[in-house]
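A.B. asks: Single-letter residue listing:
Number of protein chains: 2
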Amino acid sequence: MHVPMLINDFLKRAVYLYPQKVAVIEGEKRITYKELQDRVNRLANTLRSLGVTKGDRVAYLSPNTLAMFEGFYAVMQIGAIMVPLNTRLIPDDYDYIVNHCGAKVFCVDADLNHQINPIKDKLVNIDHFVLLPNEKRATEEGWLTYEPLLEKASPVYFAEEMEETDPATILYTSGTTGRPKGVIQSHRGLYFNALNTIIHLRATDQDVLLHTLPMFHVNGWGTPFSFTGMGATHVMLRKIDSSLILDLVKNEGVTIACMAPTVLNMILNDPKAKVTKVEQSVRVTLAGSAPPPSFVKAVEKDLGWEFIQVYGMTECAPFLTVAHVKPHIAEQGEDKIHQVKAKAGLNMLNVELRVVDSEGEDVIPNGQDVGEVIARSNVVMDGYWQQPEETAKAIVNGWYHTGDMGTVDEEGYIEIVDRKKDIIISGGENISSIEVEGALYEHPAVLEAAIIAIPHERWGEIPHAVVVLQNGSEEVTEKDIINFCRERMAHFKCPKSVQFINELPKTASGKIQKVVLRKPFWDNSERKIN
Amino acid sequence: MHVPMLINDFLKRAVYLYPQKVAVIEGEKRITYKELQDRVNRLANTLRSLGVTKGDRVAYLSPNTLAMFEGFYAVMQIGAIMVPLNTRLIPDDYDYIVNHCGAKVFCVDADLNHQINPIKDKLVNIDHFVLLPNEKRATEEGWLTYEPLLEKASPVYFAEEMEETDPATILYTSGTTGRPKGVIQSHRGLYFNALNTIIHLRATDQDVLLHTLPMFHVNGWGTPFSFTGMGATHVMLRKIDSSLILDLVKNEGVTIACMAPTVLNMILNDPKAKVTKVEQSVRVTLAGSAPPPSFVKAVEKDLGWEFIQVYGMTECAPFLTVAHVKPHIAEQGEDKIHQVKAKAGLNMLNVELRVVDSEGEDVIPNGQDVGEVIARSNVVMDGYWQQPEETAKAIVNGWYHTGDMGTVDEEGYIEIVDRKKDIIISGGENISSIEVEGALYEHPAVLEAAIIAIPHERWGEIPHAVVVLQNGSEEVTEKDIINFCRERMAHFKCPKSVQFINELPKTASGKIQKVVLRKPFWDNSERKIN
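These protein sequence lines map, in sequence, to chains A and B.
Under the working numbering, residues 1 to 530 are what the first sequence spells out, in order.
Under the working numbering, residues 1 to 530 are what the second sequence spells out, in order.
No wet-lab data here; the hints were simulated from the structure.
A couple of the hints might just be wrong.
The list treats identical chains as interchangeable, and a pair is accepted whether it falls inside one copy or across any two copies.
30 Å max Cα-Cα, derived DSS-like pairs, lysine-lysine [as the list claims (entries may be wrong)]:
1. LYS12 / LYS479
2. LYS326 / LYS29
3. LYS393 / LYS297
4. LYS336 / LYS34
So that you can see chain A by itself, here it is in the shape it has in the complex:
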């Protein structure tokens, strides 16, 4: 029997089995699953009364709040398409994205609507601006007020007829070059990611998930769906604050949180972490560049939280791999475990991965040979919104090309060594910029560092370091930095030159824009970098 895989199935199951259980905690507020469905129904009917129908886009700009959470379900329940926006963009970006996706309704948190007011007139497709309340403010002229809309709406459940291939969300990626692209994910794609999350992050009804990861970021990695399906509880978090996070972990009995490495680092370095003892088991899921094994150890030993590294990207809903430790590896002791836990890991269920060279041939699975990671799975996007030529570049012969360079070992563990665009090819040798940066970060005076390729007559490219020094650090010379690296790695990998600057250019989501750093070196070069 064919029953379409629809995202609202997860909420339906929670409402059926856990109606009286707390679904969402926001500050002092507690909303049960039954109440949540009631509010979602009212929001769904509100959106319909505002003219939103199947296939229409609804944009959200909000930190992690109950209203944002409700948005996911209400929008998808009526067959519309959720477009959650990065809260760290600038008005010009919002102008571009909201017009590009053609959203009809724009729901914006009261903390952020000052970013939208100056561009309201430019958002020509938006019929209605809805203000989502913050703690202090719920109304503003020119904005519809959220709670009264819900109050006067019908609480009767309505779900649009849908197929699982219908788009559920468009997620704009903060590319390091050019304008963001809109990743289209279907209900089926999100559903598969949710099942994989349930399986590989072991979601249960005993879980209390703290939303440390922004929900605009790949829909909070799909946790609003996966953990709801199992009847877990969601704890909202408006702002990253390590002290507040530690309090919530303790007071709300948080068992799992997903976050960026910087946030976990902040928690680890908070003196409060040492004195906050909790009874429940806590696991923390990280993505991003591979941490040093010593970091994994610190999290597991000092903080006492189980460390789970995952790897993925917006185009993949997002999960491709999880750094699961196989039983026979776990027997090899803690050092080995921490080392394996720092990798990207093993492909999840229903995810096929390959690591291929420039000819498209599989590299030898020896953990050494580097190639591009490519993926085939239901979690891969359907394409970029209204950019078929970009889609065709990303999905070739049925395989999504991640743009990440990595290795795979004989056990199937993937390690990411670099972005394809950032790898340096010097005298025919591949140099991983991430590896060299790792050495630079060990230098006590280095706050941030980026290694880029610059043109060189003999070697084609050579590694060049761009370094931001710690405040108040001793004077450090170019030679010091180069020698420091030479003590740690093969000489051909070490930077040949070092540039000190005050700040690295970054995207809104915090990725270093190496393209900006490279530009001055390549503009007048005869050779051009790929």
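Mind docking chain B on chain A? Use the hints.
C.D. replies: Just chain B now, with coordinates in the frame of chain A:
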């Protein structure tokens, strides 16, 4: 991106991530996943060389062996349809089923081929008979020999182009009336059941699954797929023997087994169970009628195995529910836990259940009101093979009608009280035959009992008991039995008459054929039972 959900994905993942891990243990034999894929490839190519192509049926008659296990993957990999047969049928049944499904190749274990030899000439569609070896014998005239076929076949991987909606298996149900019907399950249906198994039975690569449940029975509940996908190890078991089971649990580090209540009862009553101590955690999954909570307690306390009750049927691949204990119920103490663990339980993910009255309206979820359990899910079959009218009776308005009468409580827990056909309606009151039988089984002299409806002028129907006494039990009268029941339940539920017989009529899979018991009472009645 659409990637079809195909059963061979599970084996592919295991071969990719766990090539050197033991996949199958059969006696002294150990086969790694890499070796298993090699053997599956050879079998797949053998079947192709025997003329099997996409959509063709291949029948298997075998106990739980490596060869049977290989059959599932090889048959499905080439797009053919696996038809595993109940080993407890008689030649006349095999004649009917093999001809009905139109299988081209028939693979039969050497323990069982004596059942097939007398009917070989009648199996007109079978082009090739393949003998699967037992411990003593591998060849017989008129039968192809398994291992030499594999040896000479190509080990090159071949997989047919398939869609997830293609049929993967036809499972003949041992109905309690009439000829067995062939349940068609697609790759998608089996895939969903496997995902649900992984989630709700918590399958991991640390698992060692003992195949105590016959693989012919709903493909071993899909465990050859689910546990393979996670990289677990499978231990084969040719015959049910509680002593051998306990040895394997200890010696092979078994962590999970699925079985019928009678098998678990056998293990529990084996004196060896008391002296067999194992280090690993063991969980046991049961289906069938709800056990008394005292039985759950005995399994968990005396045997030390985690007890997991599930509910389903061949038509549902098979799982619909699992008796998961919600956290807030677990807090209510052990007695409550054992009571909840004995229920059919909560609907799994992607399974919608309703309990409806004869008008199709939902009964009140009070754990009291009885209705028919109906299901809507991807795990529901596509239909009965070449029996569209039977399919139309079973799936009405998109809901599969299980024929099971049950209750649902406010927490969503389902309890099955009776088969629809077996419930007794006396003076307008529903009487659960299972409930009355439960009371009869408490009588020390009763070995087996069945309660059936017989016609009655005033009440319409009344409960009638058919009882088999224990060997050597004291003399027991009809009045004794009736009084025994009256001490235990409302008088209207108690049998009004008792019949003593030597043996209850049963199907090949051990279900009591109440239709046979009812027949003489109803043949001359003006009223007819539904």
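A.B. asks: What hints, given by number in increasing order, does this structure fail?
C.D. replies: Violated hints: 1 and 3; rest satisfied.
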